[in-house]
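Q: Please build the complete structure, drawing on both the sequences and the hints.
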Amino acid sequence: MKNITLNINGIDTTVPEDYSVMRAAEEMGYNIPRLCFLKGINETSSCRLCVVDVENLKGLTNSCTLAVQEGMVVKTDTDEIQESVVQNLQLLASNHVFSCWTCEREHNCELLDLMKRYNVENIYGESENFTKKERIINDSSFPIVIDSGKCILCGRCITACEVHTGLNILAFNKRGNETYVGPALNHNMEDSGCVYCGKCIQACPVAAIKEKSEIDFVLAALKDKTKKVVVGPAPSVRVALGEEFGSKIGENVEGKMFKSFELVGFDEIVDINFAADLTIMEEGHELLERIKSGKNLPLFTSCSPGWINFVEQYEPTYISNLSTAKSPQQSGGIIAKHYYAKELGYNIEDIVFVSIMPCIAKKEEARRPEMESRGTRDVDYVLTTREYARLLKRKGIDLMKLEDAKPTGFLAEYTGAGVIFGATGGVMEAALRTVSEILGEEPSKIDFTPVRGIIDIKEATYKLAGMDINIAVVNGIANIRTFFERMKKSEKEYHFVEFMGCIGGCINGGGQPIHPAKIQDTVDISALRIQSLYEIDKNMELRKSHTNKNIIKLYETMLKEPGSHLAHELLHTTYKARTFYK
Amino acid sequence: MIERAHVLICSGSNCIARGAKSLHDEFEEHLTRLGIRHEIKLVNTGCVGLCEQGPFVIVYPEGVFYALVKGKDVKTICEEHLYKGRIVEKLVFDEALTENKEVKAFDEIKFYSKQTRIALRNCGLINPDDIEEYIAKDGYRGLGRALIEMTPLEVVEEMIASGLRGRGGGGFSTGLKWKYAYNNESDQKYVICNADEGDPGAFMDRALLEGDPHSILEGLMIAGYAIGADKGYIYVRIEYPTAIEKLKTAISQSRNLGLLGKNIFGSGFNFDIEIRLGAGAFVCGEETALIASIEGGRGMSKNKPPFPAEKGLWGKPTIINNVETLANIPEILFQGAEWFSKIGTEKSKGTKVFSLGGNIKNAGLVEVPMGTTLREVVYEIGGGIPNNKQLKAVQTGGPSGGAIPESLLDLKIEYETLLEVGSMMGSGGMVVIDEDSCMVDICRFYMEFTVDESCGKCTPCREGTKKMLEMLELICSGKGTLEDIDKLEHLAKTVKSSSLCGLGQAAPNPVLSMLEHFRPEFESHVVDKVCPGGVCKPLIKYIITDDCIGCRQCAINCPVGCIDGLVKQLHTIDSTACIKCGVCKEVCPVYAVISV
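So the protein sequences, as listed, match chains G and W. Using the working numbering, read the first sequence as starting at 205 and increasing by one per residue. Using the working numbering, read the second sequence as starting at 36 and increasing by one per residue.
Take the hints with a grain of salt, since some may be wrong.
In silico BS3-like cross-links for lysine-lysine, where the CA-CA straight-line distance does not exceed 27 Å [to be verified]:
1) G:Lys662 with G:Lys499
2) W:Lys149 with G:Lys243
3) G:Lys262 with W:Lys346
4) W:Lys339 with G:Lys206
5) W:Lys522 with G:Lys336
6) W:Lys149 with W:Lys382
7) G:Lys320 with W:Lys522
8) W:Lys528 with G:Lys279
9) W:Lys522 with G:Lys279
10) G:Lys262 with W:Lys522
11) W:Lys447 with G:Lys262
12) G:Lys662 with G:Lys693
13) G:Lys416 with G:Lys597
14) G:Lys243 with W:Lys447
15) W:Lys528 with G:Lys320
FYI, nobody ran anything at the bench for these hints, they're computed from the structure.
A: Right, here's the structure in full:
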């Protein structure tokens, strides 16, 4: 690529020709303020904070999308620019509800950071002479809340939804200073067709769109002496939780996480990694059955609730292809209540199962009416990774200072197959490890590398039981839509397809720690987290779900065999076509 | 057969609103009754321009200009003028009568004689529903010349040579815009006519669309030929139903004659036009928002570059020209760039159409050569200010422009000169403001408009205009301080320099220009708590002077009954109860009620 030399603040700099002025300046060490720009997602240049002074151009120009040009002379820090940034921040602040101390984003609010940096006073918001826009809180859906009182109308959530899902759930409503973000015509979130992937939340620079918090319920349960609170952390939580406490992105803090469970006062642990191993037993069995019978193929995985929401609302004719196996979260709750409680001598009614998830849709999954067994909810509360971090902070626990600990209880033991569930391709790989061995393929493989990596759609063919088994791995709702279009037109017969609602898989879920736009632009956060998961897997002694001793014990003592009558009653679910407001 | 007289009935929207719709039927009825219907041709024309005096009836061959014609007057015109051949003097527009009561022809009236009508050349003279009339006035000859005698590049060069600049507001060279699009190679290009006229009080484009739709089609076709586009869109607001109707008729007539479609004039050039309706958002007049709207998206502006000429409609090279710009083009191609470039000034060629309004006698549409002074427009064409009031300022460019004070009235109308004094050409709104107006209040009015019309995308325009409006309201209410005026100016500058699109960048212009030229008036509001124009209610008080004749008119009309006084005695206003509606001032026959 050609290089371009331009002059920024009196210094010549040479950058590739596809650079924006913002990127060129940032690589020189200048921090250009911005609230709307998110590379590849939101390039609308609407916040007007990244303005620079370009010689021979009238007024100030936004630098985020401004292409570098040979000989361009740019200034990023004139009095006029300072003045403009301060005034525009004052304007943004005027409708913002500053109750930062109660805010979910108190530590990583991009607006607050800039307000501090530019020493901005909220002159309009604090003056009686100026009106404030009416605050509208759309909390009609269980997992997601949109709060116009925080919203600065940067539009990142809208474009994130458009780019990541193609479903365009969010839009600007009304016009001018009465603009609100929400489903079209300010309709309820609940029947908006949203799949709750939470990409909007990840993109938001403030806390205008967020998960509905369950922290207080969990704290209350922990205080209740009559309750036994069982915690189930998802695979991806352990490689992201540390980020909320200043760790490197993707750092594995599993040991510290287990220590924190002790300190917080959880009574028992059922690691969702263990539950993932269980899911593989059931789903693998289902795959074998379907291949044998030739019915309802291809088999679609069912662990990602965002994906399930998508199928039920947008592709309901494929419901029969879904694996009926409950997701690891739900299985975790079931095992805690219907097996572990008995083993430990607890009353099932006293068990409170709290999962910690990288996901927004998991909150909604746990609340589905069918997710109830023998009169008790499978999962009582779902915390996102972020919520758990907030809970820890509220408890005064500094995660990174904790010693590594081993988890207590035998249901915290898992195999490498369980941990890679958090990455795109992980469920597929875990299933292949078990299925290929059960079918007696020799030598049975461990590493199925073609299914790994953040690639939109991955396809491969494996020989199982003398048959060519066509598999595919698809991540991200937008890619899933593409895959469906392609699959409907194609003659190719698939046998097994893994779908995950988020690009990269659960490690990039909507409930994971949020990083500022500049970090999101320059660091491949998902890749770092995935790397840590595969690192854990590589170092595990046992890497196949069916070799998990406690899984074997579980089947011996209770479930008998995968797909048994009891397994079906407890560990399988049903789906139904759902409509939404169109 | 050839008729002995032509009766032109102005059917522009303004005249229709004043009752012109029934005139045609009245003429039919009376001419038939008199048995001379076959001798007279009735023509419904577009806007004649002098809207203040409408509805108009112009009778040829004499060119007699009847103004303020009502239904009942038609009978008189038919019986006297058309039947007996006697001009009905009492109905003739007063400026069309000489001192000796002789009737001047329509184009000898001062209102018209000072004008040079290029864009408006056919408006009010032809029936817009009849393509034959347009062709008879040399219509489609410009297109013919382009298609048959010239290459696309030659057409582009001709446009550059003519010096025509965009009439929609920006004033960018039309030829250069075309050249840019011409040079961008693509399998598909588009031309768009921007007929989303939205400035309050501006109706140039509407008059052109209603009065001479074929000139717009022809202009668009020439543009298409020049840049290599075979598809044109006319983006017109749905609030212009008559214009839409006329355009539809014009398009279908052109198609029937083979002027639109495949292989036009046997030249191999194909072109078709589609009308797209806008919902009336002001911001959709901005190029990128207009494109978004045509594409079916929300009318919101996008960042430039890329400019539409590079990546426009559906991502293809697109040029967008304003209605008035397009109306000039056929004539430029027909008469040549050299002819056109001789009109106007060095940097601003040709003419400009203005909608003259506000406190002016002859409100209406005027087209003057660039370089004409504001004074000429206001006093010679416009006939000056009614009621012998003093002129305070002239606002050009509507909510995006600025106010030009009386002291600068000899300013020549050009793109650059207007910018230099803090205003702009804009699309052609020209509001005359007299001494009884409050500049702060006018600022507030324009800002209210901008706040309503901001699309809400970028911070400075969405939030900044609202804050400016609230500051202006504060000043108007007398609660402001000198500091507020500084803050207002400060904010206005930031909104101007940092807004995303033209709407936001121009929104502070009224504030900035009025602060430059009328700062003392702002200061009176906050320091002396006085509104010099007597407009801002919280700052004024109505009192009755000794001129009162005790007629009780004010007391009878006062909606809150706060005026006391016996017949033939001095009345008084109880200012604690007064709601400052101003009715008393309006009804007083002796101007004894004043605001202080």
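Q: Indicate, hint by hint, whether the structure satisfies it.
A: Structure-based check of all given hints:
1. G:Lys662 with G:Lys499: At roughly 24 Å apart (the allowed maximum being 27 Å), G:Lys499 and G:Lys662 satisfy the hint.
2. W:Lys149 with G:Lys243: 57 Å, violated
3. G:Lys262 with W:Lys346: It holds: about 22 Å lies between the C-alpha atoms, which stays within 27 Å.
4. W:Lys339 with G:Lys206: Judged against 27 Å, a Cα distance of about 23 Å means the pair holds.
5. W:Lys522 with G:Lys336: 19 Å, holds
6. W:Lys149 with W:Lys382: The hint holds at about 21 Å.
7. G:Lys320 with W:Lys522: With a Cα-Cα distance of about 22 Å, the restraint between G:Lys320 and W:Lys522 holds, given a limit of 27 Å.
8. W:Lys528 with G:Lys279: 19 Å, holds
9. W:Lys522 with G:Lys279: It holds: about 25 Å lies between the C-alpha atoms, which stays within 27 Å.
10. G:Lys262 with W:Lys522: Holds, at about 23 Å.
11. W:Lys447 with G:Lys262: Satisfied, since the Cα-Cα distance of roughly 24 Å is no more than 27 Å.
12. G:Lys662 with G:Lys693: 18 Å, holds
13. G:Lys416 with G:Lys597: At roughly 18 Å apart (the allowed maximum being 27 Å), G:Lys597 and G:Lys416 satisfy the hint.
14. G:Lys243 with W:Lys447: Violated. G:Lys243 to W:Lys447 sits at ~48 Å, over the 27 Å cutoff.
15. W:Lys528 with G:Lys320: At roughly 23 Å apart (the allowed maximum being 27 Å), G:Lys320 and W:Lys528 satisfy the hint.
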